[in-house]
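Enquirer: These are the residues of each chain, in order.
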Amino acid sequence: MEKIVSRHFGQENSHRLEHYLKDGGYVSARKALTQMTPAAVIEEIKRSNLRGLGGAGFPTGTKWGFIPQGNPKPKYLVINADEGEPGTFKDKYIMEQDPHALLEGIIITCFAINSHKAYVYVRGEYIKSMKILQEAIDEAHSKGYLGKGIFGTNFDIEVVVHPGAGAYICGEETALLSSLEGGKGFPRLKPPFPAVVGLFESPTVINNVETIACVGPIINRGAAWFAQLGSEKNGGNRLFCVSGHVNKPGVYELPNGITLREIIYEHAGGILQARKLKAVIPGGISAPVLTADQLDVKMDFDSLKAIGSMAGSGGIIVMDETTDMVWAALVAARFFALESCGQCSPCREGSGWVYRQIKRIYEGQGRLHDLNNLPGIVNNIGGNTICAFGDAVTMSVGSYVSKFRSEFEAKIKG
Amino acid sequence: MPNVSIDGKQIEVPAGTTIIQAAEKLGIEIPRYCYHPALPVAGNCRICMVEIEKQPKLQIACYTPVSEGMVVKTNSPKVIEVRKSVLEFLLVNHPVDCPVCDQAGECKLQDYYMEHGQYDSRLDNVKVKKEKKAFPIGPTIMLDQERCILCTRCVRFTDNISKTHEFGVFDRGDHSQVDVYPGKQLDNNYSGNVADICPVGALTDRDFRFKCRVWYLSQTKSVCPGCSMGCNTTVEWDKMRPHQFKKARVMRLKPRLNEEVNSFWMCDKGRYNYHFIDENRIHHPQLKDGLVSWEKAIDMVAENLKALQAAKHTGAIGVLASAQLTNEDLFVIRKFFKENLPGASVDFKLAEVPGESDDFLMKADKNPNTAGASLILESNTGAAAILQKAKQGDLDVLYVFGHDLVKLYGKETVGLIAQKVKLFIYQGSNINETCSYAHLNLPSSVYAEKEGTFTNCQQRVQRIWPALAPLGESKGDWEIISQLSNKLDAPLAYKSSQEIFKDLAATIPAFAGMSYEKLSDKGMLLK
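Protein chains in written order, with numbering that gives the first Met the number 0: chain W, 0 to 413; chain L, 0 to 526.
Think of the hints as simulated: they come from the structure by calculation, not from any bench. Every value quoted in this text rests on a predicted model; they were computed, and no experiment measured them. Note that the Cβ used here is the ideal one computed from N, Cα and C, for glycine as well. Check before you lean on any hint, since a few could be wrong.
[To be verified] 30 Å max Cα-Cα, derived DSBU-like pairs, lysine-lysine:
id, chain 1, residue 1, chain 2, residue 2
1, W, Lys358, L, Lys238
2, L, Lys295, L, Lys311
3, W, Lys116, W, Lys147
4, L, Lys474, L, Lys419
5, L, Lys132, L, Lys77
6, W, Lys402, L, Lys56
7, L, Lys419, W, Lys189
8, L, Lys56, W, Lys297
9, L, Lys126, W, Lys412
10, W, Lys183, L, Lys162
11, L, Lys521, L, Lys486
12, W, Lys45, L, Lys311
13, L, Lys295, L, Lys162
14, L, Lys183, W, Lys183
15, L, Lys421, L, Lys311
16, W, Lys247, W, Lys130
17, W, Lys304, L, Lys77
18, W, Lys30, W, Lys142
19, L, Lys521, L, Lys162
20, W, Lys183, L, Lys128
21, L, Lys72, L, Lys24
22, L, Lys56, W, Lys304
23, L, Lys53, W, Lys304
24, L, Lys295, L, Lys126
25, W, Lys72, W, Lys21
26, L, Lys162, W, Lys189
27, W, Lys358, L, Lys132
28, W, Lys358, L, Lys83
29, W, Lys232, L, Lys56
30, L, Lys268, L, Lys107
31, W, Lys189, L, Lys72
32, L, Lys8, W, Lys358
33, L, Lys8, L, Lys24
34, L, Lys337, L, Lys406
35, W, Lys45, W, Lys232
[Said to hold, decoys possible] Reference listing, derived: stretches of chain W covered by chain L, where coverage requires no fewer than 3 residues with Cβ under 8 Å from a Cβ of chain L:
id, region
36, 24-32
37, 253-263
38, 326-339
39, 354-367
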């Protein structure tokens, strides 16, 4: 299978411009800026069926099309490189192993939406990523790929690397904007959507690193080529981050239609010490957990949604038969309790409450009514909050309780 | 203009109206914590969620604008369920220390719990402990982080209304706390308002703290006499329990909504300017050598005035009226001194030093009725000229309304005046240094004991209502003058301030067409 986004991964000096230029680097950006109109770029991306790979899976071309060009305010491109979803570590690879692929995508995207400034909001702990990305930006500047009048056109682009401020919620796009503006990372009420009122109250496109890294190859080789790689409504490949009880954890670029079973057993080397698989989180900790009998699901957005989970950020966390699922639920609940931004009452108070209830059960102090109350409490959070974090608490924590209830009961009965 | 149906009732509202506002117009109150009509929408409390036909998820009524044909349900089983659950969440870490909380009785947690909660508690976990309880964050406000439901009304008030930016939300999740920024205090001209808008007992007023349970309070509409802005207020009093707080009747003042004047707000100077209502009052008419009856006091003044009238020597009468008086008081002063005793010198503008002011509500003119006094007492002799005459011995009677002359002109001047003037009358509500120089002190009532009107700096005539009976033997200013007039040739037989206002409106063109009924709660602008 031909690799696209990860084509340079593992190669020596893959992060240098010299290396990137060897196999057609910046050809797409030059093509877009010198031979295409912004509308044609957007149309191409639409036809490629590229979907947002940060987790929501929103069609990328459609998102770009929302930018109102009649608006006199500047337009911004914001790259979401916050990558805070536990189990997810793909954007780090792109920024460290192939930063120019991201930059080329940024150039094309800026051109498509008529933006002259892009911010890359990088998770605060990713110090190495930020350093390598900044070096790549400097290299691109020196070649005239960024800055004033790039590729001999009169189009200007500046790219700013902004270190994240340390909260998981800043990966939520509107919280990211608040944080980028210097405020507390609180998600914003929608509408207005960022495409209309985003960064500094201006029209803004926010895309994930991996999404933007796909843009160059699409422009180079055409929408039809990209679209046919994936499943029906989901073009291209995906980077899957496999962690947990597998023999070969890591980042794998695989087609969207691949099954979970294939990823775990054919690519990630199967379960450690040939033990039995018990549960899998298919798309970062916010995704509802799957059981061993659900491994034949295809890993695209729509198939996972159909069985009540989600593709999310592509973070696959594998748990074998030795895993205490109450403990796993506790870890997830603790994460949500610590990372709720605290803005909406149900999520702020509910996430902590749920965590303490599960903790009590885990520590053997639980009672049956604690377990009976849990689904109700958890359900009162989702759907009742400003952002999707509340939904994640409901779906994620709720799935452990419903799918592994017997383990909870066992803890309570001692 | 979209048509919308809320709980089966139809209404047409301007585009952009939110569901919570449209519902209010129909008399339907949707519960709210974070929503406040004068603050930007935060949408964080989630108690105002309503069901909208054809929308799968409930929406917050405070943020969602109505659209044509929208069908809203504010009381469907789904809505009630969510409301209950939001209340439950808000109580997860709330201390429920209502018995020792000043907010009890006017707490929205209590109110909505009674309306929508009342379930069996399943909150048996240890509560998150927060650091600051009963913690003074400035001269006026006490913070209790445990009671806080993080609606951020206070944050938005200091960001958008006072623009002083003291408050922030710190930390995340259920460890979030509202607090002032490090090294800051909540110390601005409008700090008291945060206690009003706090829907729970997280921010309480230090001045009111533990003084009275709110359910003992009665409310009377009024206008702040602290400056020429005339912020609309409510005087909150408790006269049934005189053993409380040194027999004080008034427990606190609250701002009263008037979009044209002060919106929901008032300044701290005005808010805490009520202790004089019950403290340091003049209770009885008093001569230099002791108390005197009202009858004798009135006779004494009347005889002096009559003598001057008979001798055609009314030029020896000097009157220092005051812009602290109501339009009605001033009109009676005009009638009595200017019309019945022509020649008498009357003025109200003394050499007062302009007070503190800002670009919001606080005005430098600390009188509530300068605009009214200027119109009613039109021709100004000039206070300086009156005082000059008094010092030179050219006045036989000097009648001072409420002014503390000692504070303004010093003891020496006032001492000289007291020597040179035959009858130096001080008519006022509270004891000051001038009282000891005056030959006769007449106790008048304070604004909270009066019915009448003030005219503010916007030329708005606004009513005040009597919250309390006059303290001791004190009487309304116009009533005293009216009694005095009975002893002279032309009695002013007014029976009520409403009667005076009617006469005033018929006499002074700027007030033409006004009546107490028409002034109502919000007042009217002068012509």
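Enquirer: Taking the hints in turn, state whether each one holds.
Expert: Evaluated hints:
1. W:Lys358 with L:Lys238: Status violated; Cα separation ~54 Å.
2. L:Lys295 with L:Lys311: holds, 24 Å
3. W:Lys116 with W:Lys147: Given pair Lys116 of chain W, Lys147 of chain W holds - Cα atoms ~11 Å apart, limit 30 Å.
4. L:Lys474 with L:Lys419: Roughly 28 Å separates the two Cα atoms, so the pair holds.
5. L:Lys132 with L:Lys77: Not OK: Lys132 of chain L and Lys77 of chain L at ~36 Å, beyond 30 Å, violated.
6. W:Lys402 with L:Lys56: Holds: Lys402 of chain W and Lys56 of chain L sit about 25 Å apart, inside 30 Å.
7. L:Lys419 with W:Lys189: Roughly 76 Å between the alpha carbons, so the hint for Lys419 of chain L and Lys189 of chain W is violated.
8. L:Lys56 with W:Lys297: holds, 28 Å
9. L:Lys126 with W:Lys412: holds, 25 Å
10. W:Lys183 with L:Lys162: Given that 30 Å is the threshold and the Cα spacing comes to 18 Å, the pair holds.
11. L:Lys521 with L:Lys486: Cα-Cα ~38 Å, so violated.
12. W:Lys45 with L:Lys311: Not satisfied, since the Cα-Cα distance of roughly 100 Å exceeds 30 Å.
13. L:Lys295 with L:Lys162: violated, 56 Å
14. L:Lys183 with W:Lys183: holds, 19 Å
15. L:Lys421 with L:Lys311: holds, 17 Å
16. W:Lys247 with W:Lys130: Within the cut-off at roughly 28 Å; holds.
17. W:Lys304 with L:Lys77: Holds - the C-alpha atoms of Lys77 of chain L and Lys304 of chain W are around 25 Å apart, at most 30 Å.
18. W:Lys30 with W:Lys142: Holds, because 16 Å separates the two Cα atoms, which is no more than 30 Å.
19. L:Lys521 with L:Lys162: Cα-Cα ~26 Å, so holds.
20. W:Lys183 with L:Lys128: holds, 23 Å
21. L:Lys72 with L:Lys24: Distance of about 15 Å is within 30 Å: holds.
22. L:Lys56 with W:Lys304: holds, 18 Å
23. L:Lys53 with W:Lys304: Measuring from Cα to Cα gives roughly 22 Å; hence the hint holds.
24. L:Lys295 with L:Lys126: It is violated: about 69 Å lies between the C-alpha atoms, which goes past 30 Å.
25. W:Lys72 with W:Lys21: violated, 38 Å
26. L:Lys162 with W:Lys189: Roughly 25 Å between the alpha carbons, so the hint for Lys162 of chain L and Lys189 of chain W holds.
27. W:Lys358 with L:Lys132: OK: Lys358 of chain W and Lys132 of chain L at ~27 Å, within 30 Å.
28. W:Lys358 with L:Lys83: Given pair Lys358 of chain W, Lys83 of chain L holds - Cα atoms ~25 Å apart, limit 30 Å.
29. W:Lys232 with L:Lys56: holds, 26 Å
30. L:Lys268 with L:Lys107: Holds. Lys268 of chain L to Lys107 of chain L sits at ~27 Å (cutoff 30 Å).
31. W:Lys189 with L:Lys72: With Cα atoms ~21 Å apart, Lys189 of chain W and Lys72 of chain L stay inside 30 Å; holds.
32. L:Lys8 with W:Lys358: violated, 48 Å
33. L:Lys8 with L:Lys24: With a Cα-Cα distance of about 11 Å, the restraint between Lys8 of chain L and Lys24 of chain L holds, given a limit of 30 Å.
34. L:Lys337 with L:Lys406: It holds: about 27 Å lies between the C-alpha atoms, which stays within 30 Å.
35. W:Lys45 with W:Lys232: Given pair Lys45 of chain W, Lys232 of chain W holds - Cα atoms ~11 Å apart, limit 30 Å.
36. 24-32: With 0 residues closer than 8 Å to chain L, the region 24-32 of chain W misses the three-residue bar; violated.
37. 253-263: Violated: only 0 residues of the region 253-263 of chain W have a Cβ under 8 Å from chain L.
38. 326-339: holds (count 4)
39. 354-367: holds (count 3)
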